[in-house]
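Following the hints, complete the assembly by docking chain E onto the known chain B.
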Amino acid sequence: MDEFSNASRTALHLLAEMHPDLIEIVLLSLRVSLSAVVLAALLALPLGAFVALKPFPGRRGIVILMNALMSLPPVVVGLVIYLLLSRTGPFGVTGLLFTPAAMIIAQCVLVFPIIAALTRQTVFDLHEEYDEYLRSLGAGTWQKITTLLWDGRARLLTGILAGFGRAIAEVGAVIIVGGNIVHSTRVMTTTIALETSKGDLGMALGLGIILVLIAVVVNTAVVTIGGSASRRTL
Amino acid sequence: MRLQHDMLPLVVSHVSYRVDGKAIIEEVSFAINDPGLTVLLGPNGAGKSSLLKLCHGLLPPSSGSIRWGDADARTARQKQAMVFQRPVLLRRSAAENIDHALKLRGASAAERAGVIEESLAWAGLGDVANMPARKLSGGEQQSLTIARAWALNPEVLLLDEPTANLDPSATRRVENLIRSFAATGRKIIMATHNIAQARRLADEVLFMNHGRLLEHAPAERFMGGPSNPLAARFIAGELVE
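Respectively, the protein sequence lines represent chains B and E. Counting in this note's numbering, the first sequence runs from -1 upward without gaps. Counting in this note's numbering, the second sequence runs from 20 upward without gaps.
The shape of chain E in the complex, shown without the other chains:
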């Protein structure tokens, strides 16, 4: 069953974000209308993570506006979940990590028990439910953060370089979870600097560099030949700064 979205379109209008006068994001505007997987692509320091955090409300824009459908900022945040590059896991068991997130979102004890079991099974973590989360392997830890996000049943999932620190096998595992998540019709926005990963997963691409959005295109068209020269060099494997 596919979700009925009331969080789309995401409209980002003339958003800038500055820290101590330095522009991290510069006059970025775009709209995302469709579900599926949008990839924020660009080299390190392009501003991908900052843009994700701005969209999630973790950073306040210095100027401009961000709107998720008709939702106010608080409602929008409650309908989203975010997974960070370095898995943020509490010093508790895998199951308790999911339980904690559900509690914060106001789920009752009865609701939580079923959802925890279901989400761990979904992520293939059923047999490590009672293991300390921080003792799991890197791939399992990131899978757990995605399972925790899944348990929250968000309309939008934001992923910040979720496989940046993982080996190929763990990356495959996490990408499979992301595909499974996307198959439910939820909106996914993922930051990555990995062109191959973007090729494997993206439905559309936003290419960024130095805090600016340089191209926004369907993935197929972008990968076939981006119109922006810098993006073309980037996907050709050149070292773009």
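Next up, chain B with everything else stripped away, as it sits in the complex:
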């Protein structure tokens, strides 16, 4: 109990004084996870919509794969990206291993299936409803996609924020491809793991509090945006 109260005191002290190391770690975490989510969304939104709208051979298999990849184990993703980016791997020449870029790629791979699967389902459901109206107006595939994505924006934003939640809380993949290098690739989750193993529980708990606060903010945003969109449009 003493250990917990000491750690809490240290954590609150670090938070109160906005310790530079802590701020650096938080900012890097946000930069990596936000970049990963934006990149994943840019790829997953059109792809998910395309899979929902366009029949093609093997589409059912792709849908099953997209859903299955939502529970992709982060350490496996980390390992595969590590092998691809390592010096002897096919993308070794890029020199990305143990950089924030590698961490962005890893988180992007983890978040992409979540956004793509949710987009596919959202667009599919809306398309069932809008199909005859859109065909009646002679809408092309791209016009259909933009219409359906815009009208599904509340659900899609919820999915994107859920993806951000997964990215920011992820530790297994980023520790493998980032290496947890101080002032370079050390993010909140990897620091918590490291500091806990070293017994420096104050820093770990301080970062833990920030992570929980971010989770609360993200969930509040999900509820607020979802509720507000429902009131305005549904």
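Keep in mind that the hints are not guaranteed to be accurate.
Here are a few chain E residues that face chain B, going by a calculated C-beta distance under 7 Å [what the hints assert, rightly or not]:
#1 R96
#2 M101
#3 V107
#4 L109
#5 A120
#6 L123
Think of the hints as simulated: they come from the structure by calculation, not from any bench. We put the beta carbon where it would ideally sit given N, CA and C, even for glycine.
Structure of chain E alone, referenced to chain B:
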């Protein structure tokens, strides 16, 4: 000013439509030559909605052909607008719903602004322009879909049971819009199972049952005494299956 039609006559020739071997429309042939309001009348399951969708190009006929004047299929669709039984409204405001349809039909921003205001005013929806479309009442929602169709300035309006889910007051409102639409000389083809509505609105009637066209006659003659015995029973209020 009345429209000069290049979409008429509508010639439907030996059209059948089957789903999994089951005939939904069976060997239907007719021609519509005049503007005004043609009603597809018949009980539920007669094939009225399917025939409308075939005419609009939303369903491909299994056999036979459909021609709108000299227009090719693409041009024909662009000169038509269709209103569905259940209003299909985007998750946007009333004005944005009309804006979206105009955009898809290639109208410029400058054109759209004027037309949106005009069409909402025409439908008596000016004061709900910025309301979420799906929050409007049933009658307002269907009025909005008709206003959206009106904004497209079609030569032909296809209406699939537009008042099936509405109360009498909302039905009156929608029927007034349909009359106003018809008064501009546009061709209107409307599916309904409501005999009283057909009596109020129709210039000519196509009576259908079980996917077959049983009678095609001017409304006055049809309502005065149809030649088809089943149609006679239907307008007498009997439950026709």
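Notebook entry, point to check: Looking at the structure, which of the earlier hints fail to hold?
Noted result: none
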